[in-house]
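Read top to bottom, the protein sequences are chains A and B. Quick note on my numbering: the first sequence kicks off at 1 and runs consecutively. Quick note on my numbering: the second sequence kicks off at 1 and runs consecutively.
Accuracy of the hints is not assured; some may be wrong.
Stated by the list, open to error - Every beta carbon over 10 Å from chain A, so not counted as near; a handful from chain B, in silico:
(1) ASN6
(2) GLY18
(3) VAL48
(4) ARG62
(5) ASP92
(6) GLU161
(7) ASP214
(8) GLY238
To be verified - Partial list, computed: chain A residues near chain B (C-beta under 10 Å):
(9) PRO113
(10) LEU246
(11) GLY256
(12) GLY282
(13) ARG285
(14) ASP287
(15) ASN308
Said to hold, decoys possible - Chain A is faced by these chain B residues, among others (derived, beta-carbon under 8 Å):
(16) ASN116
(17) ARG218
(18) GLY257
I should point out that these hints are in silico values taken from the structure, not numbers from a laboratory. Beta carbons are placed, not taken as given, at the ideal position from N, Cα and C, and that holds for glycine.
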Amino acid sequence: MKLYEYEAKNIFSQFGISVPRFKVVSTPEEARLAAEEIGGRVVVKAQVLVAGRGKAGGVKLADTPEEAYSYAKQMLGSEIKGERVGKVMITKAVDIERELYLSIIIDRSIGAPVILASPEGGVDIEELARTRPEKILKIVVDPLIGIRDYHARQAAKFLELSEQTLRKAQEATINLYRVFEYYSCELAEINPLALTPDGGLEAVDAKIILDDNALYKYPEFSSDFTRDLSYYEAEAKKMNFSYVELDGNIGILCNGAGLTMATMDSVYVLGGRPANFLDIGGGARADLVERAVTLLLQHPKTEVIFINILGGITRCDEVANGIVGALKKTGVSKKIVVRLKGTNEEEGRKILEENKIYVIEEMDEAAGKAVELGGRR
Amino acid sequence: MTVLVNSETRVVVQGITGREGSFHTRAMLSYGTKILAGVTPGKGGATVEGVPVYDNVMEAVRKHPELNTSIIFVPSRFASDAVYEAIDAGLDLIVVITEGIPVHETMKFVRYAKINGVTIIGPNCPGVISPGESKVGIMPGHVFSKGRVGIVSRSGTLTYEIAYAMTKAGIGQSTCIGIGGDPVPGTSFIDALEMFREDDGTDAVVLIGEIGGDMEERAARYIVEQGYEKPVVAYVAGRTAPPGKRMGHAGAIISMGVGDAASKIKVLREVGVEVAELPSQIPSLLMKVLKK
Numbered sequence: 001m002k003l004y005e006y007e008a009k010n011i012f013s014q015f016g017i018s019v020p021r022f023k024v025v026s027t028p029e030e031a032r033l034a035a036e037e038i039g040g041r042v043v044v045k046a047q048v049l050v051a052g053r054g055k056a057g058g059v060k061l062a063d064t065p066e067e068a069y070s071y072a073k074q075m076l077g078s079e080i081k082g083e084r085v086g087k088v089m090i091t092k093a094v095d096i097e098r099e100l101y102l103s104i105i106i107d108r109s110i111g112a113p114v115i116l117a118s119p120e121g122g123v124d125i126e127e128l129a130r131t132r133p134e135k136i137l138k139i140v141v142d143p144l145i146g147i148r149d150y151h152a153r154q155a156a157k158f159l160e161l162s163e164q165t166l167r168k169a170q171e172a173t174i175n176l177y178r179v180f181e182y183y184s185c186e187l188a189e190i191n192p193l194a195l196t197p198d199g200g201l202e203a204v205d206a207k208i209i210l211d212d213n214a215l216y217k218y219p220e221f222s223s224d225f226t227r228d229l230s231y232y233e234a235e236a237k238k239m240n241f242s243y244v245e246l247d248g249n250i251g252i253l254c255n256g257a258g259l260t261m262a263t264m265d266s267v268y269v270l271g272g273r274p275a276n277f278l279d280i281g282g283g284a285r286a287d288l289v290e291r292a293v294t295l296l297l298q299h300p301k302t303e304v305i306f307i308n309i310l311g312g313i314t315r316c317d318e319v320a321n322g323i324v325g326a327l328k329k330t331g332v333s334k335k336i337v338v339r340l341k342g343t344n345e346e347e348g349r350k351i352l353e354e355n356k357i358y359v360i361e362e363m364d365e366a367a368g369k370a371v372e373l374g375g376r377r
Numbered sequence: 001m002t003v004l005v006n007s008e009t010r011v012v013v014q015g016i017t018g019r020e021g022s023f024h025t026r027a028m029l030s031y032g033t034k035i036l037a038g039v040t041p042g043k044g045g046a047t048v049e050g051v052p053v054y055d056n057v058m059e060a061v062r063k064h065p066e067l068n069t070s071i072i073f074v075p076s077r078f079a080s081d082a083v084y085e086a087i088d089a090g091l092d093l094i095v096v097i098t099e100g101i102p103v104h105e106t107m108k109f110v111r112y113a114k115i116n117g118v119t120i121i122g123p124n125c126p127g128v129i130s131p132g133e134s135k136v137g138i139m140p141g142h143v144f145s146k147g148r149v150g151i152v153s154r155s156g157t158l159t160y161e162i163a164y165a166m167t168k169a170g171i172g173q174s175t176c177i178g179i180g181g182d183p184v185p186g187t188s189f190i191d192a193l194e195m196f197r198e199d200d201g202t203d204a205v206v207l208i209g210e211i212g213g214d215m216e217e218r219a220a221r222y223i224v225e226q227g228y229e230k231p232v233v234a235y236v237a238g239r240t241a242p243p244g245k246r247m248g249h250a251g252a253i254i255s256m257g258v259g260d261a262a263s264k265i266k267v268l269r270e271v272g273v274e275v276a277e278l279p280s281q282i283p284s285l286l287m288k289v290l291k292k
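All chains should be built: construct the whole structure from the sequences, respecting the hints.
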């Protein structure tokens, strides 16, 4: 789960990372007051989770409280890349001598935390990795040992700083790692970390991504776990399904993530357009299947529903009852292709056939049928 | 021959009294897996499906010194603890079925296992099966058949789908390793390829990958750099997955420009790995490479 900039900055300052003074507001009037209180030039920043808000008009420099008011008015309630702006941050504009980069991420290849540092921050790190990889230092940390001072010294040295600032950079590195560890982060990033003319370091932007599997440890965030999801994604998540919106017309419902992906890929390879990815996981009972099918029946862009079940711990009769239940309760009729294989396959098939839903035994044939019904791209 | 599990495998089930644990204990026993003990803290003295239950792994190992493998069904909040316990009890192989373990915890126990020379399969995996010998996992045993092709996979049901297609085509399996769908697995594709390389009961390997991370790319590099002798065929799931979205598995996400299916398929093909467009094509690709 992504945190908003203000949430990440609150955490940073609790952990001793210097952050320019800020306030978070949800009305233009509050924005004006905040700008007056902070004094001088301020930056008005839309609090959204999508990347690239700056280019989309979500970051503005305001010379006066009146300007802050009018920028806040523009941003609040507007949409940035499809995400509604509910809050803006008013923050002190910092004099920046140079922009640096500092982050801690999990490197999946080595299964360990990695410190990334660059003297050339402010740009997208992926972009920097492509164009000037020699400007990024990567330090692997043993997850059992955690960060040591020498790691921090190494990172700080790479940032090309004066003697006076070096210590601050070491502290920032260690504190960022403490944030990363304390909040079980997938990513804790400061970009840019601003070097100010007086030799200070300020986290001008802040990004934290929490591990969804660890959310239960942080009740202050876990209640808001659907924050960056669409309506259907959120509904599915509440039922413990995995759901992802795609742009086609053939709904895909399977048990198991790999099979669901392979099913949507097969539909695509055979010429169709998947509308979504819906993985009901293993062992789903009829009532859960019913809710999953209902979700797709109600989904406006889904014209055909392709259900592909390979039953191990999932029983085909439970799946069949769920499908029939959903059709009866919603009264919605859509074209449905079902492939059932595995545990209690015969019982499942019988239940469906009694309800005039025909079952196809092989996955390719079923995918082909779904494409035929949904139309080729 | 097989890898990881065989008729010598002696299993302790951690979390045996839970719904999943007891269900799969029954299924594994009926497959012929030798389960000697179960562990659930506070339930020592009970039995599940005739298997004696102990309060901790140490005690189980003392009573059954032949134990060499653990399978863990413990809920995610307590699973790390169960893994450390199994490592410290001196078991050789630990299969972690549990889904939803925080990745910070996994990084640590995977590292601890490595230091102690213990193999971890998973987390968030279906387990390992050597058809006809032993099943230490949750897969439906009947879709597999004994043979000479190894499977290593990041997924569960997709593995069953492909194993089923192979079995139907008369191609049996030596061992199928489900390494799991998490971002930091205890055993990687390369680890599994190394195991199959040394196994004289395996003639070819099926690699079932998916989006997220660069494990497929690293496997491809390994194959070419090491001059891997056995043919490898592959399937990579998720070519229609949008970037930045987690596709069911914690590890199945294209992030920071890394992990899309197209580039994985490309890299695998460049090193001579045959990559199937559809899961059903795996058997014919295998026939082709095995004939050579």
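Consistency of the hints with the structure:
At roughly 22 Å, the least C-beta separation between ASN6/B and chain A is larger than 10 Å, which holds for a residue marked as non-interface. Consistency note on GLY18/B: stated as away from chain A, and its beta-carbon is indeed over 10 Å from all of that chain's, at 13 Å minimum. The claim that VAL48/B is not at the interface with chain A holds, since no C-beta of that chain comes within 10 Å of its own (minimum 17 Å). For ARG62/B, the shortest C-beta to C-beta distance to chain A comes to about 27 Å, beyond the 10 Å cut-off, and the non-interface label holds.
The beta carbon of ASP92/B is kept farther than 10 Å from every beta carbon of chain A, the shortest such distance being approximately 20 Å. Here GLU161/B does not stay apart from chain A, with its beta-carbon only about 5 Å from theirs, under the 10 Å limit. Separation of ASP214/B from chain A is inadequate, the least Cβ-Cβ distance of about 6 Å not exceeding the 10 Å criterion. For GLY238/B, the non-interface assignment is contradicted: its Cβ lies about 4 Å from the closest Cβ of chain A, within the 10 Å cut-off.
Hint on PRO113/A holds. Least Cβ distance to chain B is approximately 7 Å, under the 10 Å limit. Taken as an interface hint, LEU246/A checks out: its beta carbon lies about 7 Å from the nearest beta carbon of chain B, inside 10 Å. Checking GLY256/A against chain B: minimum C-beta separation of about 3 Å stays under 10 Å; hint holds. Against a cut-off of 10 Å between C-beta atoms, the interface hint on GLY282/A holds, since the closest Cβ of chain B lies about 7 Å away.
Interface restraint check: ARG285/A against chain B, minimum CB-CB distance 12 Å, threshold 10 Å, status violated. For the restraint placing ASP287/A at the interface with chain B, the shortest Cβ-Cβ distance is roughly 17 Å, beyond the 10 Å limit, so the hint is violated. Nearest Cβ of chain B to the Cβ of ASN308/A: about 9 Å, under the 10 Å cut. The hint holds. A least Cβ separation of about 11 Å between ASN116/B and chain A goes past the 8 Å threshold, and the interface hint is therefore violated.
Of the supplied interface hints, the one on ARG218/B holds, with its beta-carbon coming within about 7 Å of a beta-carbon of chain A, less than 8 Å. Given hint, GLY257/B at the interface with chain A, holds; its Cβ is 5 Å from that chain's nearest Cβ, closer than 8 Å.
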